[in-house]
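Protein chains: 2
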Amino acid sequence: MDPQSLAQSLTPSKVHAAHALIKPYIHRTPLLTNKTLNGIASTPQTPDALKGTPYEGQTPAAPTIRFFFKCENLQRIGAFKARGAFHALLRLIEERGEEEVRRMGVVTHSSGNHAQALALASSTLNIPSYIVMPSISTTSKIEGTKAYATKVVFSGSTSTEREAVVAEVQSQTDAILIPPYDDFNIICGQGTTGLEIEEQYLELLAQNPQLSVHGSSGSGLDAVITPIGGGGLNAGVATFFSDKKTRVFGAEPSFEGADDCRRGLEAGERVTSVKSLTIGDGLRTPVGLLNWEVISDKKKVEGVFAVTEEQIKAAMRLVLERMKVVVEPSAVVGLAVCLFNEEFRRIVEREGGEEGWDIGIVFSGGNTTVEAIGKLFS
Amino acid sequence: MDPQSLAQSLTPSKVHAAHALIKPYIHRTPLLTNKTLNGIASTPQTPDALKGTPYEGQTPAAPTIRFFFKCENLQRIGAFKARGAFHALLRLIEERGEEEVRRMGVVTHSSGNHAQALALASSTLNIPSYIVMPSISTTSKIEGTKAYATKVVFSGSTSTEREAVVAEVQSQTDAILIPPYDDFNIICGQGTTGLEIEEQYLELLAQNPQLSVHGSSGSGLDAVITPIGGGGLNAGVATFFSDKKTRVFGAEPSFEGADDCRRGLEAGERVTSVKSLTIGDGLRTPVGLLNWEVISDKKKVEGVFAVTEEQIKAAMRLVLERMKVVVEPSAVVGLAVCLFNEEFRRIVEREGGEEGWDIGIVFSGGNTTVEAIGKLFS
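Protein sequence lines correspond, in order, to chains A and B.
Just so you know, we're using the UniProt record's numbering here: the first sequence kicks off at 1 and counts up by one.
Just so you know, we're using the UniProt record's numbering here: the second sequence kicks off at 1 and counts up by one.
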C-alpha cells in the first residue's frame with residue numbers, strides 16, 4: 001500500500017487496539033505536574049533572551065502554561081520505544097505464527113532506544129534478535145541492548161550506513177526487519193502514549209481540579225508536544241488525537257539541520273537525509289515516509305518547532321534539578337519549545353488567552369549516564 | 001526536661017499527631033519499587049569487592065532484598081526536612097500565638113536542606129526567618145533558601161562556627177531558634193516519613209501482592225534504613241516504629257569520621273564533634289543529644305552502618321541511571337549499606353532467610369546540580 005493510503009488507515013481505533021494488545025507488557029508511566037516549571041513557562045522571557053532572534057526588540061510573549069509530563073523515561077528500557085516494539089512483534093506473531101517468527105528472528109537498526117526495546121520484546125517473547133547500532137551510541141544504551149539481544153552488530157551513525165549493515169545481516173540470516181519508526185504497527189504502538197496521557201490527565205483533574213482552570217470538566221488537554229526524530233511517536237500521538245480537540249505539535253533540535261521535519265514542512269517536501277550530531281541523539285534521523293504523511297497533515301499536526309542545543313540543555317537542567325527526574329537530551333525538546341520558542345509561545349498566548357493551555361509533554365526517554373550528564377554541563 | 005526523660009515521651013502517637021498537623025503543607029511522596037535494584041542487592045558481591053575488608057577471603061553474603069524507596073527527594077524543597085520545619089513552626093505558633101512569633105521571627109543554621117525547609121515554612125506561615133548557612137553549601141541549596149528566607153547569613157562549616165553566627169543573629173534580633181535536628185518537634189515531624197512508608201507499603205502490597213513474598217498479608221516492612229546526620233530523621237522514624245515489628249537501621253558515610261554515630265555506639269559514648277567533608281554534605285554533623293538517646297536505644301534502632309565515598313557514588317549512579325530519579329549523595333547511604341556493607345548483608349541473609357526482607361529506604365533529598373553530578377563522576 002502506498003504511504004498516502006496507509007496513512008488514511010491510521011485511525012484512533014487502531015491505537016486503542018494496540019493498547020489492548022501491549023498493556024500487559026508495558027508500564028503505565030506516571031503523568032507528573034510541577035508548579036515551578038509552570039511558573040517559569042508562564043513568565044515572559046527576558047528581552048536579552050530574544051537577542052539575535054527574529055523577535056529581538058519585541059515584547060516577549062506572555063503565555064499561561066500548565067504542564068502535564070508523561071514520563072516515558074520511566075517506561076521499560078527507559079523509553080517509549082518499548083510500546084512500538086512490543087506492538088510490532090506481537091502483530092508479526094499474529095500474522096506469521098509464533099513458530100515461523102521464532103525460526104526467522106528479527107533485525108533492526110537504532111541509535112539505541114529502539115534497539116533496547118526490540119531486544120527486550122524479543123527476549124520476552126522468545127524470538128531471536130539481531131540489533132544494528134551505531135558504534136558511537138551511548139554506552140548505557142549499548143549495554144542495555146546487549147543484556148537482551150541475541151546479537152549486537154555495530155555500524156556507522158547515518159541512516160544509510162545503518163541500513164547497509166541491516167541488509168548484510170539479512171543476507172546471512174532470515175531475520176525479518178522491524179523498522180525503528182517508519183512502520184504502521186510501530187506508529188500505532190507509540191500512539192498509545194497519547195491514549196494514556198488523555199486517560200491520566202482526566203483522572204488527575206477529576207481528583208485534583210485545582211491543577212487546571214479547566215477543572216474536572218472532562219474536556220481534554222489543549223495541546224500535546226512530542227519530540228520528532230523518525231517521527232513514530234509524533235505520528236502515533238497525532239493519530240490518537242486526530243478526532244479530538246487536543247492540538248498536537250512536534251519539537252526538534254535545530255543543530256546541524258536536525259530540524260529536518262520543520263524544514264521539510266516549510267519547503268513543502270520531506271527532507272530525506274540528516275547528518276547532525278545534536279546532543280538529542282535520538283533525533284538525528286530524518287522523518288520516515290509514512291510518518292511524514294501524518295505529520296505534514298495540518299489537521300493532525302498543527303506545527304513543528306525547533307530549539308538550540310543550549311535551550312535543550314537549559315530544559316534538561318530544569319528537569320533534573322527541579323523535578324528530580326532523569327531525562328536524556330532528546331526527551332526535553334518539547335519542554336524547551338514551550339519555554340524558549342517565541343513563535344510557539346505567541347501561539348499559546350494568542351489562542352490560550354487568560355485561561356492559558358494545559359500542555360502534555362512527552363519525556364520520551366531517560367537513557368543517559370552520570371558521565372554523559374557531567375560532559376554536557378562541564 | 002533532660003534528654004532521657006524527653007526521649008521517653010517520644011511515642012508513635014506523637015508522630016501521628018504531627019502528621020495530622022503538617023499534612024496540608026507537605027507532599028505525600030511516592031514509594032517506588034525497582035526490579036533491577038532488587039536483583040543487584042540480591043546478588044552476592046564479588047570476592048574482589050571484599051578485598052581489604054574484614055570479610056576478605058570469606059564467602060560473600062547472599063541476602064534476598066526487596067526495596068521500597070520513599071522518595072523524599074520529591075518532597076517540597078527537595079528533602080524530608082520540610083516535615084520537621086513545618087511541624088516545629090506550627091507547634092511554636094500553637095504555643096506562643098501567631099502574633100508573638102510573627103513579631104520575633106525564627107532563626108536556624110543548616111548545611112542547606114533544613115535552611116530551605118524553614119525558609120519555606122516561615123514564608124508560607126508569614127513569619128520572618130533568618131537562616132545561617134555554611135558559605136560552602138551547594139549553590140542550589142543557597143538559591144533555594146534565598147527564594148523564601150527573610151535573610152541568609154553565611155558562616156563556617158562546622159557546628160561550632162554555625163552556632164556562633166546564630167548567637168550573633170539572636171543578639172541583634174528577637175528571633176527564636178528552630179534547631180535543625182536536635183529537637184522534640186523536629187523529630188516528630190521527620191518521623192511522619194516512617195508513618196507514610198508503612199501506610200504506602202501496605203497500600204502497595206494490597207494492590208500488587210506479587211511485589212513481595214509476604215503478599216498482602218497486612219504485616220509491615222521487615223526493616224527501614226535512613227541516613228544519619230544530626231539524627232532527626234532516624235530518631236523520628238525509629239519513634240514511629242518503636243511499637244511495631246519493623247526494625248530500624250541507620251546509615252552514615254565513613255569518610256573522615258562522618259560515622260560519628262556508629263563510632264559512638266561502639267565506644268558507648270556520643271561523639272560530639274565531626275570535621276568531615278564527605279560528599280554526603282547533609283551528614284557532616286554529629287548526632288544531636290536527644291537523637292542520641294533514641295538511636296542508642298537498641299529496642300528502637302538495631303544498628304548503624306557505614307559506607308565509603310565510592311560506595312555512595314556507586315549507589316547514586318544506580319539510582320540516577322536505573323531508577324531515573326535524581327538524589328543527592330546523602331540520600332543513598334542507606335541503599336549503599338544494603339548493596340555493599342557485608343556486615344548488614346549478613347544480618348539480612350541470616351534473619352531474612354529464603355524469604356528475604358522487604359526494606360524501606362528513605363531517599364532523604366535530591367538537592368544537587370548537574371555540575372555537582374558532573375564533578376562527582378568526572
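Hints are supplied without guarantee of correctness; some may be wrong.
Simulated crosslink set (DSS-like; lysine-lysine; CA at most 30 Å straight-line) [unchecked claim]:
| # | chain 1 | residue 1 | chain 2 | residue 2 |
| --- | --- | --- | --- | --- |
| 1 | A | Lys313 | B | Lys146 |
| 2 | B | Lys14 | A | Lys313 |
| 3 | B | Lys14 | B | Lys375 |
| 4 | B | Lys35 | A | Lys151 |
| 5 | B | Lys146 | B | Lys375 |
| 6 | B | Lys245 | B | Lys300 |
| 7 | A | Lys375 | B | Lys14 |
| 8 | A | Lys23 | B | Lys35 |
| 9 | B | Lys23 | A | Lys35 |
| 10 | B | Lys245 | A | Lys146 |
| 11 | B | Lys300 | A | Lys35 |
| 12 | B | Lys146 | B | Lys313 |
| 13 | A | Lys51 | B | Lys146 |
| 14 | A | Lys35 | B | Lys299 |
| 15 | A | Lys35 | A | Lys14 |
| 16 | B | Lys313 | A | Lys146 |
| 17 | B | Lys23 | A | Lys375 |
| 18 | A | Lys375 | B | Lys35 |
These are calculated hints, taken from the structure and not from any lab test.
Hint by hint, here is what the structure shows:
| no. | hint | in the structure |
| --- | --- | --- |
| 1 | Lys313(A) to Lys146(B) | holds (24 Å) |
| 2 | Lys14(B) to Lys313(A) | violated (45 Å) |
| 3 | Lys14(B) to Lys375(B) | violated (42 Å) |
| 4 | Lys35(B) to Lys151(A) | holds (24 Å) |
| 5 | Lys146(B) to Lys375(B) | holds (24 Å) |
| 6 | Lys245(B) to Lys300(B) | holds (10 Å) |
| 7 | Lys375(A) to Lys14(B) | violated (47 Å) |
| 8 | Lys23(A) to Lys35(B) | holds (19 Å) |
| 9 | Lys23(B) to Lys35(A) | holds (18 Å) |
| 10 | Lys245(B) to Lys146(A) | violated (42 Å) |
| 11 | Lys300(B) to Lys35(A) | violated (38 Å) |
| 12 | Lys146(B) to Lys313(B) | holds (29 Å) |
| 13 | Lys51(A) to Lys146(B) | holds (29 Å) |
| 14 | Lys35(A) to Lys299(B) | violated (42 Å) |
| 15 | Lys35(A) to Lys14(A) | violated (35 Å) |
| 16 | Lys313(B) to Lys146(A) | holds (24 Å) |
| 17 | Lys23(B) to Lys375(A) | violated (40 Å) |
| 18 | Lys375(A) to Lys35(B) | holds (29 Å) |
Consistency with the previously given hints fails for numbers 2, 3, 7, 10, 11, 14, 15, 17, ordered from lowest to highest.
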